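**Q** From just these sequences and the hints, can you work out the full model?
Listed below, chain by chain, are the residues.
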Amino acid sequence: MTLRDYAIRYGFIVLLFGLIAYFAIAADGFVSPQSAVFIFQSVAITGVLALGVTATLVVGGFDLSIGSVATSAMMAAAYVMVVLEQNALVAVVVCLLIGAIVGLINGWLIVYMRVPDLLATLGMMFLLVGLQRIPTEGRSIATGMTMPDGSVANGKFSDAFLALGRHRFDFFIPNLIPVSVVVLLVLAVLIWFFLEYTRFGRMMYAVGSNERAAELAGAPVKAYKIWAYVISGVFASIGGILLAARLGRGDIASGNNLLLDAVAAALIGYAVLGAAKPNAFGTAVGALFVGILLQGLTMMNAPYYTQDFVKGVVLVVALVFTFALSGRGRR
Amino acid sequence: MVGNAVFRAEGLRKSFGHNEVLDGVSLELHAGEVTVLMGANGAGKSTLVKIISGVYERGDGTMSLAGQAFAPNTPAEAIRAGVVTVHQNINDGVVADLDVATNLTLDRLSGSGASFLFNPARVRRQAKAVADRMRLAIDLKARVSDLSLADRQMVAIARALAHQPKVLILDEPTSSLSSAEADRLFALIDRLREQGVAILYISHRMSDIRRLADRIVSMRDGIISGVFDKKPLDYEGAVNAMLGRKIHLDHIVVRNSAKAILTIEGLRIAQGARPISLTLGDGEVVAITGLVGVGKTALAETLFGVRKPLAGTMMLNGKPYAPETTGEAIAAGVFLVAKDRGENGIVSGFNIQENISLPFHKRMSRLSVLRRGLERSTARRQIEELGIVCRSEKDEMSELSGGNQQKVMVARWMAQDAGLFILDEPFQGVDISARRDIAAKLRASAKGRATLLFVTELDEALETADRILVMSEQTIVGEHRNADVDLDRLLAEVAGGPLHSAA
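Those protein sequences? They're chains A and B, same order as listed. Residue numbering for the first sequence follows the working numbering, beginning at 1 and increasing consecutively. Residue numbering for the second sequence follows the working numbering, beginning at 332 and increasing consecutively.
Certain hints may be false.
As the list claims (entries may be wrong) - On the chain A side, residues computed to face chain B include the following (Cβ under 7 angstroms): (1) S209; (2) N210; (3) L216.
What the hints assert, rightly or not - Listed below are the simulated DSSO-like cross-link pairs for lysine-lysine, each with C-alpha atoms no more than 30 angstroms apart in a straight line: (4) B/K639 x A/K222; (5) B/K772 x B/K650; (6) B/K561 x B/K497; (7) B/K472 x B/K459; (8) B/K670 x B/K381; (9) B/K693 x B/K639; (10) A/K222 x B/K693; (11) B/K772 x B/K693; (12) B/K778 x B/K639; (13) A/K222 x B/K725; (14) A/K277 x A/K311; (15) A/K277 x B/K670; (16) A/K222 x B/K650; (17) B/K670 x B/K772; (18) B/K590 x B/K650; (19) B/K650 x B/K693; (20) B/K459 x B/K497; (21) B/K670 x B/K590; (22) B/K670 x B/K778; (23) A/K277 x B/K693; (24) A/K277 x B/K725; (25) B/K650 x B/K778; (26) A/K277 x A/K222; (27) B/K670 x A/K222.
Rather than coming from a laboratory, the hints here were simulated on the basis of the structure. Only a predicted model underlies this, so the values are computations on that prediction, with no experimental measurement involved. Even for Gly, the Cβ is constructed at its ideal location relative to N, Cα and C.
**A** Okay, structure coming up:
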């Protein structure tokens, strides 16, 4: 291996450890279990979304609707519990159904209606952003709110549901690991195993690399593509459940950054270990990288408005790693 | 005969890397004559055209036009000098979103002397002049995207002719036209011939060639392998010169088969085509040959479940066989090595091992988890079997030579036992030693299955097959046992000869 190969393969990991080392020295209290958990928690929701969008990237597609699926799921959860006064289980099931249905529609639009993936999911994004505001005429959902017909919504978020966002497991230190972090880790391992080790994951990569060859090797290409969007939709709705549980209300203004942060994490993942392709491990590392960077900067008192700029720089550098340095970017 | 040539090329050479594509080509074109250029894929036709039209720089040799040296550096220079090319892809010649008038005058919108402002009235006036000269009966205000393919082609040609060229090159102009549309094109070509334009016409369609040719030039492996200008033209000789007949070197021991594997009855693969009936036997290697575009790939894809036949039945091992998908075909034991491996075969993101296992993931996994050990040992065995030159089964496909890439494609499908093994142009872009290896492997392993090859090159059929079938116009027109082949009859069948003249 040449130096260049090493740079492509380990460059990003080295950068990650360099970053941690720098913050450890420069920012007081950066190296502590609490700080680590905080970072995990801050990336948990975007991380889940990023893992979902990775599935669509693997089949050569893209899903711009994940952010709005997540906020729609959040609004739906709030509506189910606060307005319809149902329990946590119903809320979770409704959210997952929304994710799966949106994924199916996205896949159908792209595979059967031949709408280009970016446009189909962009359209779906607008549709959902609008749709989630209709039931409450544009208002956020919280216990005691007045409904359009003048009645008062008396339901409330059940404790079981709120626990998804607020409960912390003991891990050496009491009350250390939040549920959302556990969800992220479980989903990351699941999707990583699915993509790397099962025949379905392998064929999804084949579809993304050469659709025609995959079809001539007997793969039902259309089904694979639709499933990828269903995975993406379901993961996004799980992100939405976690978001609702953390906020404890259906907040119309939250979740604006979810899409861009998740996409950035997945694309940064291309550069991890020189994969030059979408991959679950890289996506998780990408999400972590952004989380560490932002947490470190916050602890060093960098102003909040520099955050997006920093994320953008990281993304651009990662893309250069992927496409310019490694030959696999070109075909 | 016309005496002096308008266009003359001497000793043209061109190579890409080590690959010599043109090896000293000399060509003359005469005013008022249609010269047909024939050649199989990879013979160097398009390279020659691209040199003449200024797309490629020539490696060596000289060209002259009307007695003056002709050395275009860009397509625009060639057009200005009077050599105009209409390329195969019709939509490359027109801008679909603009109207006919603007398309006809497109070349005047740029270049020196073009005015800064776009004057619709002037454009329409100029366009009308061009259209009248060509006797073009198309609404000048129509958008090109609303026109039929034939009309678009007329517009592209009219636009090319607005330059009043001395030489017009038409690259497979009828490949996407219906026969009625083609007739209109031929009438136009006749008029141009009368006006004294020298025309170079590239085509595989024998019916076009019979209709138009004054001379035929055959190309093979980067050289001119035959020039035919004595009337009546020797069409079979031209096909022969194009396909070559280097009388096969190692005679193969021809086998006969007793047990039928695949039986096809009355299969129709295109509108208006005559039905196909054939039987493929156990242990037999059968080659189907024919020119480009006669339906070889369509037949291969029909057998593999990619497309559905219009009529007819298929029986595989005595059971009805009508695959709806490629997956069903594979499950029934019908495997296809598709042509054009870069497009249809290689997954470039995968290494050798992953490319080989691609169709058989299900058989290679336990509870849907891929068994990587089995995958690796299968790949190693196949690399050994076919003599694939590589460092290991983890090599990227892009590191392999063309011949070795093709071996991986064949190895992919030989990893499991097939009932019917189909290979579409398996020797395309493959060097001679890899070709020998693959052919030998196919023959050695033929027992227990039927093997069906689709090849354009006659040599390849003669080298590998027990039986040779000839395809023409979407159907089978001839059958030969590869022991006592009547080459003259075979060539006549390939050329769509006396059996039935121009369709």
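**Q** Look at each hint and say if it fits the structure.
**A** Results for each hint:
1. Restraint check, A/S209 versus chain B: the minimum CB separation of about 4 angstroms is within 7 angstroms; hint holds.
2. Against a cut-off of 7 angstroms between C-beta atoms, the interface hint on A/N210 holds, since the closest Cβ of chain B lies about 5 angstroms away.
3. Hint status for A/L216: holds, given a least beta-carbon distance of 5 angstroms to chain B, under 7 angstroms.
4. For the hint pairing B/K639 with A/K222, the CA-to-CA distance comes to about 18 angstroms; that is within 30 angstroms, so the pair holds.
5. Taken as a hint, the B/K772 and B/K650 pair is honoured in the structure, with Cα atoms around 28 angstroms apart against an allowance of 30 angstroms.
6. A hinted pair counts as satisfied when its Cα atoms are at most 30 angstroms apart, and B/K561 with B/K497 qualifies at roughly 24 angstroms.
7. Pair hint B/K472 plus B/K459 holds up; C-alpha atoms about 11 angstroms apart against a cutoff of 30 angstroms.
8. Using a Cα cut-off of 30 angstroms, the hinted pair B/K670 and B/K381 holds, with the two alpha carbons roughly 25 angstroms apart.
9. A hinted pair counts as satisfied when its Cα atoms are at most 30 angstroms apart, and B/K693 with B/K639 qualifies at roughly 25 angstroms.
10. Restraint check: the Cα-Cα separation between A/K222 and B/K693 comes to about 18 angstroms, which is no more than 30 angstroms; the hinted pair holds.
11. Our distance criterion of 30 angstroms between C-alpha atoms is met by B/K772 and B/K693, whose separation comes to about 26 angstroms.
12. Our distance criterion of 30 angstroms between C-alpha atoms is met by B/K778 and B/K639, whose separation comes to about 29 angstroms.
13. Proposed proximity of A/K222 and B/K725 is supported: the alpha carbons are some 29 angstroms apart, at most 30 angstroms.
14. Pair hint A/K277 plus A/K311 holds up; C-alpha atoms about 20 angstroms apart against a cutoff of 30 angstroms.
15. As the CA atoms of A/K277 and B/K670 are separated by approximately 27 angstroms, the hinted pair is consistent with the 30 angstroms bound.
16. Annotation: proposed proximity of A/K222 to B/K650 holds, straight-line Cα distance about 29 angstroms (limit 30 angstroms).
17. Restraint check for B/K670 and B/K772: the C-alpha separation of about 18 angstroms stays at or below 30 angstroms, so the hint holds.
18. Taken as a hint, the B/K590 and B/K650 pair is honoured in the structure, with Cα atoms around 14 angstroms apart against an allowance of 30 angstroms.
19. Distance restraint check for B/K650 and B/K693: the Cα-Cα separation of roughly 24 angstroms lies within the 30 angstroms cut-off, and the hinted pair is therefore satisfied.
20. Distance restraint check for B/K459 and B/K497: the Cα-Cα separation of roughly 22 angstroms lies within the 30 angstroms cut-off, and the hinted pair is therefore satisfied.
21. Between B/K670 and B/K590 the alpha-carbon distance is near 28 angstroms, which keeps this suggested pair within the 30 angstroms criterion.
22. For the hint linking B/K670 to B/K778, the alpha-carbon distance of about 24 angstroms falls within 30 angstroms, and the restraint holds.
23. For the proposed pair A/K277 and B/K693, the alpha carbon gap of about 24 angstroms is at most 30 angstroms, so the pair holds.
24. At roughly 17 angstroms between alpha-carbon atoms, A/K277 and B/K725 fall within 30 angstroms of each other, so this suggested pair holds.
25. Straight-line distance between C-alpha atoms of B/K650 and B/K778 comes to about 20 angstroms, which keeps the hinted pair within the 30 angstroms bound.
26. Among the hinted pairs, A/K277 with A/K222 is consistent with the structure: their alpha-carbon atoms are about 21 angstroms apart, no more than 30 angstroms.
27. Between B/K670 and A/K222, the direct Cα distance comes to roughly 22 angstroms. Compliance with the 30 angstroms bound is thereby established for this hinted pair.
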